[in-house]
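**Q** Residue-level listing of the chains:
Number of protein chains: 2
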Amino acid sequence: MDAPLPEPEPLKALIEALRRLPGVGVRSARRMAYYMLQYDLTGADLLSRALSGAVQGLRHCARCNSFTEDEVCVTCLNPKRDPSLLCVVETPADQNMIESSHGYRGLYYVLMGRLAPLEGVGPQELQFDRLLQRSSDGLVREVILATNFTAEGETTAHYLSELFRAQGLSVTRLARGVPAGSELEYVDAGTIAWAIMERRIT
Amino acid sequence: MDAPLPEPEPLKALIEALRRLPGVGVRSARRMAYYMLQYDLTGADLLSRALSGAVQGLRHCARCNSFTEDEVCVTCLNPKRDPSLLCVVETPADQNMIESSHGYRGLYYVLMGRLAPLEGVGPQELQFDRLLQRSSDGLVREVILATNFTAEGETTAHYLSELFRAQGLSVTRLARGVPAGSELEYVDAGTIAWAIMERRIT
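Taken in order, these protein sequences are the chains called A and B.
Residue numbers for the first sequence follow the working numbering, so the first one is 1 and each next one is one higher.
Residue numbers for the second sequence follow the working numbering, so the first one is 1 and each next one is one higher.
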């Protein structure tokens with residue numbers, strides 16, 4: 001839907017800028033722009049200031065690479081966390097998910113991506129050297145690879161496991177299997193196959 | 001998904017602000033925030049400035065109520081447009097849609113909403129008095145009601161048609177019928193019923 005009506009410049013600029021958000025096409029951008037300008041000027045103002053605040057105020061934690069206001073983030077500085085465990089995740093959202101399971105008390109490293117050669121994302125783009133430096137601090141004994149169970153996540157895990165093993169660290173991967181609370185009838189065959197292969201003696 | 005990890009304040013503020021966009025929940029907001037901060041700082045900056053630019057630079061056209069930078073918008077000032085026709089639409093997006101059909105050369109009035117009593121949107125919120133003032137300029141002869149064919153759009157059209165008739169204007173509504181290029185088999189029964197009722201002699 002091209003706009004054949006002459007649109008005022010600030011509106012055009014806003015629609016173009018909104019389109020840069022992931023998952024937002026030209027129609028959504030237009031709807032968002034109209035909505036904010038008509039019903040939520042306060043929200044538009046808030047968002048404008050939040051964006052510039054975040055761009056200026058946030059950087060990557062020197063230890064875990066997640067977003068933080070300071071040199072090192074609160075999680076990495078928490079003395080109650082076990083420094084011998086390092087959990088590698090793709091994004092801060094994954095980190096939050098693991099944290100909300102209350103099943104992990106070690107530290108994290110956030111890759112901020114995954115290996116995707118077709119998109120030009122290699123070990124250099126993900127700064128694997130920084131991660132390897134982090135894991136060789138003498139305290140880390142086990143690295144838990146918690147990248148996604150997608151083709152790219154698996155590739156990343158495989159690649160990293162070789163690097164960590166070369167450092168003499170013990171490397172583990174999250175368990176694959178049937179999700180909690182699910183009925184076998186509705187679980188996909190690939191998952192069942194994994195669950196059988198990795199069955200445990202109880 | 002609550003974040004049990006302590007998130008830096010600017011990140012929290014950004015996620016909260018993004019959630020005010022229509023159709024954006026907490027997960028999307030988080031994904032957008034991470035994405036912008038990781039991969040598109042320029043975009044975040046652009047969006048921030050586009051928002052404040054639009055909030056400060058745009059207002060409602062004194063004649064058609066659409067967004068404009070000036071007192072009266074370019075469309076309303078266009079001398080080639082027929083001032084005896086006034087097309088009433090709900091949003092600027094609807095206006096663009098009609099314009100892109102290249103089937104209309106009159107003027108517009110943008111309601112910026114529709115009657116929705118349950119949401120507290122009545123004739124006063126939509127400033128019907130402004131619209132009635134616009135339609136009584138002595139030049140307008142026909143008002144084309146192009147609100148949506150939803151329950152609320154129909155109600156709005158019905159309500160407005162009475163007001164315009166009281167002004168002695170001729171009032172029309174967009175035709176209902178089978179969409180161009182569609183096969184009858186796949187058109188819903190309600191549309192077919194309308195198309196039969198409003199069949200034309202050819």
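None of these hints come from the bench; they were simulated from the model.
Just to be clear, a hint being listed does not mean it is correct.
Since the list can't tell identical chains apart, any single copy or any two copies may satisfy a pair.
[Stated by the list, open to error] Straight line, CA to CA, 16 Å or less: simulated EDC-like cross-link-like pairs of lysine to aspartate or glutamate:
| id | residue 1 | residue 2 |
| --- | --- | --- |
| 1 | K12 | D70 |
| 2 | K80 | E90 |
| 3 | K80 | E99 |
| 4 | K12 | E69 |
**Q** The structure should be examined with respect to each hint, and the outcome stated for every one.
**A** Do the hints match the structure? See the list:
Proximity of K12 and D70 under a CA criterion of 16 Å is satisfied inter-copy only: 15 Å between copies versus 36 Å inside one chain copy. Proximity of K80 to E90 under the C-alpha cut-off of 16 Å is found in neither arrangement, the shortest distances being 24 Å within a copy and 57 Å between copies. When the C-alpha separation of K80 and E99 is checked against a cutoff of 16 Å, the pair qualifies only within one copy, where the shortest distance is 14 Å, while the shortest distance between copies is 63 Å. In this assembly of identical chains, K12 and E69 lie within 16 Å of each other by CA distance solely across copies; the values are 12 Å between and 33 Å within a copy.
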